[in-house]
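Since the structure of chain R is already known, use the hints to place chains U and H on it.
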Amino acid sequence: MSNIKIKSKNLNVYYGQKQALFDVNLDINEKEVTALIGPSGCGKSTFIRCINRMNDVIDICKVEGNIEIDGIEVNDKELDVVSLRERVGMVFQKPNPFPKSIYDNISYGPKIHGKGETKSELDEIVEKSLRKAALWEEVKDRLDEPGTGLSGGQQQRLCIARAISVNPEVILMDEPCSALDPIATAKIEELIDELKKTYTIVIVTHSMAQAVRVSQKTGFFHLGKVIEVGKTEKIFKNPDNKMTQDYITGRFG
Amino acid sequence: MTKEERLKKRHRSEKRFKLYGVASIFVALLFVLILVQNIFSKGSSAFMKTAINVEVFFDPELLELQNGASSDDILQADFFDITIETLLKAYPAKNLDEENELIDLFSTDAEIEIRKAFLENNNLVGKKINLEITASDDIDQLHKGNYPRDLPEDRRRISNFQLNIYDNLVESKKIVKNFNNYFFKNGDSRNPELAGIGGALVGSFYSILICLLLSFPVAVLASIYLEEFAPKNKITDFIEININNLAAVPSIVYGLLALQILLATIQLPRSTPLVAGITLALMTLPRIIIPCRASLKAVPPSIREGALAVGASKFQSVFHHVVPLALPGTLSGTIIGLAQALGETAPLILIGMVAFVVDIPSTPIDPSSSLPVQVYLWSESAERGFVEKTSATIMMLLSFLIVMNFIAVYLRQKFEKRWN
Amino acid sequence: MNLVLIFLITIFSLSLFFYGRSKTKSISIQNNIKLNALPKFYGYYLVLWCSIPALIFLLVWSLFEPVIIKSIIIETAANQGAIFNDKNEANLIYEKIKAIHLGTFFGDIDSILKESAISYAKFLNLFTNSKIVLIFGIVIASVIYSLKKIKNNNKARDDVELILKGLLFASSLIAILTTLGIIFSLLFESIKFFSVINIFDYLFGTNWSPQRAFVSDASKITSAELEEIKDAFGFIPLIAGTSFIALIAMLVAVPIGLFSGIYMAEYASVKVRRISKPIIEILAGIPTVVYGFFAALTVGPFFRQAGESLGLTVSSESALAAGLIMGIMIIPYISSLSDDVINSVPQSLRDGSYAIGATKSETIKQVVIPAALPGIIGSVLLAVSRAIGETMIVVMAAGLAANLTINPLDSTTTITTQIVMILVGDQEFDSPKTQSAFALGLTLFIATLILNYIAQRAVKKYREKYD
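Residue numbers (the working numbering), protein chains in the order written: chain R, 2 to 254; chain U, 10 to 429; chain H, 12 to 478.
Bound conformation, chain R alone (with noise of 0.2 Å):
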């Protein structure tokens, strides 16, 4: 059994007078693929925002409860959220590079954390991050070229990239996919199970069939709450809840 990386309890979030997460308690593993899946709506994505806290960046929302990372409060109103971000990393629904060359993406979160002081440890970082996102071979040519020329899948590969590259512990996937066609798609799925040996991922997914093939934990959620946590396998073939299974079996969502 693998150690546990995050650790949520009595997890509540309000968006202004709508409560969008009542009560989740939620263990992450280390070095694992977690899939979260679920209803639009069910507050999957909230759940992940929290555990960089992203929610920040919205005014009205509001978090109660606790979430753990290896021990330390997320929710810690002294801790610092851009060591926090630093340490954990996210990619978003639709691919988001900035509008620079592919090189100042990757090279962007290194300089602002300090880690590559010359020319020559960035160059180091960049090839690195981008090997790891299974870009380099493409992009090696035209790194001065901008980001936002690449093709959707590979947008989604810098934006992994872009986040591999300050080192993080744990990598946030919001339906990664959503917006790719399934060869991208089948390439980030590949990339994402070579992730797992370094990183710990937590994938929001609307495909019961990449949470399958992806996650070795999976969590069910419908309004707001947990109803099922479990091994994949588990959770797919033998479900503990009615509505796990009238869900995974797509009588509902």
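Hints in this document: simulated from the structure, not taken from any laboratory. Take the hints with a grain of salt, since some may be wrong.
List of simulated lysine-lysine pairs, DSS-like, C-alpha gap at most 30 Å [stated by the list, open to error]:
| # | chain 1 | residue 1 | chain 2 | residue 2 |
| --- | --- | --- | --- | --- |
| 1 | R | K112 | U | K306 |
| 2 | U | K27 | H | K376 |
| 3 | H | K371 | U | K306 |
| 4 | R | K10 | R | K188 |
| 5 | R | K141 | R | K6 |
| 6 | R | K197 | R | K232 |
| 7 | R | K101 | H | K371 |
| 8 | R | K116 | R | K78 |
Only part of the chain R face toward chain U is listed, based on derived beta-carbon distances under 10 Å [stated by the list, open to error]:
| # | residue |
| --- | --- |
| 9 | I59 |
| 10 | D81 |
| 11 | V83 |
| 12 | S84 |
| 13 | G115 |
| 14 | T119 |
Here are the simulated distance ranges between beta carbons [said to hold, decoys possible]:
| # | chain 1 | residue 1 | chain 2 | residue 2 | range |
| --- | --- | --- | --- | --- | --- |
| 15 | U | P333 | H | L214 | 45 to 55 Å |
| 16 | R | R143 | H | S206 | 55 to 65 Å |
| 17 | H | R284 | R | N13 | 21 to 31 Å |
Given the structure is predicted, the values throughout are model-derived calculations rather than measurements. C-beta: ideal position from N, C-alpha, C; glycine also.
Using the frame of chain R, we list chains U and H on its own:
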């Protein structure tokens, strides 16, 4: 550098950056405050005028009038001698120089004011009345504390003798402050105590009215065409480019246009609200068309389709449904355009509205001034009294603008529908 | 007279509306036919036919009548032996004749003037009468035509809509006409100017002193005079002064405006934004003459005093005072435009940056601003164009003398100031001095046109990118 030091540095730079933003906004707000405070402190005194209480004796020997004389006779009669007599009684003067200095304490309109008192009650012959005669600009400014009295005499506009009289009058409570009706009633004058914005107000009113009558219908029709009917072709593109550029052409260029076309070619009368109104209308037109089009565009296509689906023609769908919905936005854009036109100065200077006009215009083809041009004219004058008049004119101008903008915002917030 | 005519036409048109409406109704009932449009459209149809041709005719007539009468009168006066050397004198005589006719002329009236006044009255009468006759003719003809059309049960609605569409199109053409008017009026005088003054002497001359360019007779300038005025119209000091003041203004406005815009878009809470944004925009609504007054009477003297106490000589009409106040005027243009531009940068880019652990200011400086740059540059260019076209502040607070200087404490002059100075007061039309104002206007027009074009292109391109 350790990780902690680095983080600290980054957070410091974050704070610094935020501070720049706060400081910038603060500077801008501070300037608004300074400007308003400056104008108000200089201008508020202009709404009062200083007057000197004197006793007028309508001496039958000096006045060739009988009790019950007709208004025409009174207007023809000479009140000069009685005026001089009255003013000289205000303080004992020993010689001709002193007498002149004494008379200089009063406004040059003293005679007219005495005549007016007689006109209102025409059986005053042989009687004495107390009358408050408007003081000269120098005394006015001295009394309002705008004029330093501790300068040496040769650098002061008021002599020691006049200061003595003033102090004496103050002591005997003969100096009063009244509401300055001249400021609203009179046209321009070389004497600050008599100068008013009456002419400029009427001139501005006519100009803006003409501007509204010309620009609003044309702007609305043009916006409707461009937004609803125009085919996508070169001519439409060209019209659009023209409108966008015209909105950014410096206003003085419109002055040159008016000078060449309206004055030199079709020879409309110079210095008149008519020409001013046409010029401002040309200038305001693109500035109204842009918000008009925006509010037409904001009406969702479903409204048009709904009307067309019940068999309305394109015209009926536009005029019965789209235009009424876009009206609040259109009106508020028009009011803001007019507010800009009201404050516009440069083109009006070129079409000769800087002429010195004493009379209040009765029609739009009489020579006239306008509020902003009056500000420009008076700010060039040397007399201290004009500084306060200029500031007060600005106060009037700004209050009109604030009211107009307020109406525009109100219209938009109250009546505009939000489409989601 | 014109008002009476317009009134009559209106009344007549309105009555035709009711007539047309009821007439078509009764026709349809009598003959039991279905109308091709609602009855009221037949009413509109009649109104449009009755009023528009007549009104257009009246407008055209009123525009040309004074010009035609004037040329006729001046010609007859000349035939009768009136002597005038140029256009100005002819104008003067014409004004005299008009005044005699109106009975407002008090002066010596000789026989020629008297004769001309009588013929002026005669022509005026003739023109008025023929105008009335013609207008009634047009009204009657167009009404008969349209009534005939109605009887045939035409598609009145389509026709009405076609005419209205023409009206809409004509309204939007006014924009083109205005542009043409501007170009025509600027070019007309500028061409005359450049036929006397070489365009290169104008563009590259370093001396601007139009007051020296006094010519005794503008229609025939002697070569000696030409030699004298040749180098009085050098544009360099004006463009230098204009750019200098605009530069000072931008040094004030760009940092303050940009930082306010950034703060409003990225940091300010809804409440702060709701209060401070309108207050800053007040700065854009204040008439420029108010800024001019403030600069000339408060800021200028304040700088001079402050300079004196530091031992500096500061002109009371310094470029610094004018530039500073102009900069403050421009702040809201930059702040609200850059606020808009920054707001339209997609949130996903910010999220991307925050997610790697960038602070807010790092995100703004390295992601948001670079993404918004074309839009920001566009807004700054628009502000520059506003600064060089701004008139009242510089007329009141900058100087009149065309000094070539880079000392901000000195006085300097601008293009717009010179236009105003040349055209205020007595103008000798047709003198190179007056024409030079139009040449300056043309230069200004072209300069702002280019700036606006580039700026609008930049902003538009930027918008398309993120829409």
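Okay, the hints, checked on the actual structure:
1. R/K112 / U/K306: 45 Å, violated
2. U/K27 / H/K376: 12 Å, holds
3. H/K371 / U/K306: 35 Å, violated
4. R/K10 / R/K188: Violated. R/K10 to R/K188 sits at ~35 Å, over the 30 Å cutoff.
5. R/K141 / R/K6: Status violated; Cα separation ~34 Å.
6. R/K197 / R/K232: This hinted pair holds, its Cα atoms lying about 16 Å apart.
7. R/K101 / H/K371: 18 Å, holds
8. R/K116 / R/K78: 26 Å, holds
9. I59: 19 Å, violated
10. D81: Where the cut-off is 10 Å and the nearest Cβ of chain U is about 6 Å from R/D81, the hint holds.
11. V83: It holds, given that the least Cβ distance between R/V83 and chain U is near 7 Å, below 10 Å.
12. S84: 6 Å, holds
13. G115: Result: holds, 5 Å to nearest chain U Cβ.
14. T119: 14 Å, violated
15. U/P333 / H/L214: 45 to 55 Å: 54 Å, holds
16. R/R143 / H/S206: 55 to 65 Å: 58 Å, holds
17. H/R284 / R/N13: 21 to 31 Å: Distance hint for H/R284, R/N13 holds at roughly 29 Å.
Taken one by one, the earlier hints fail for this structure at numbers 1, 3, 4, 5, 9 and 14, listed in ascending order.
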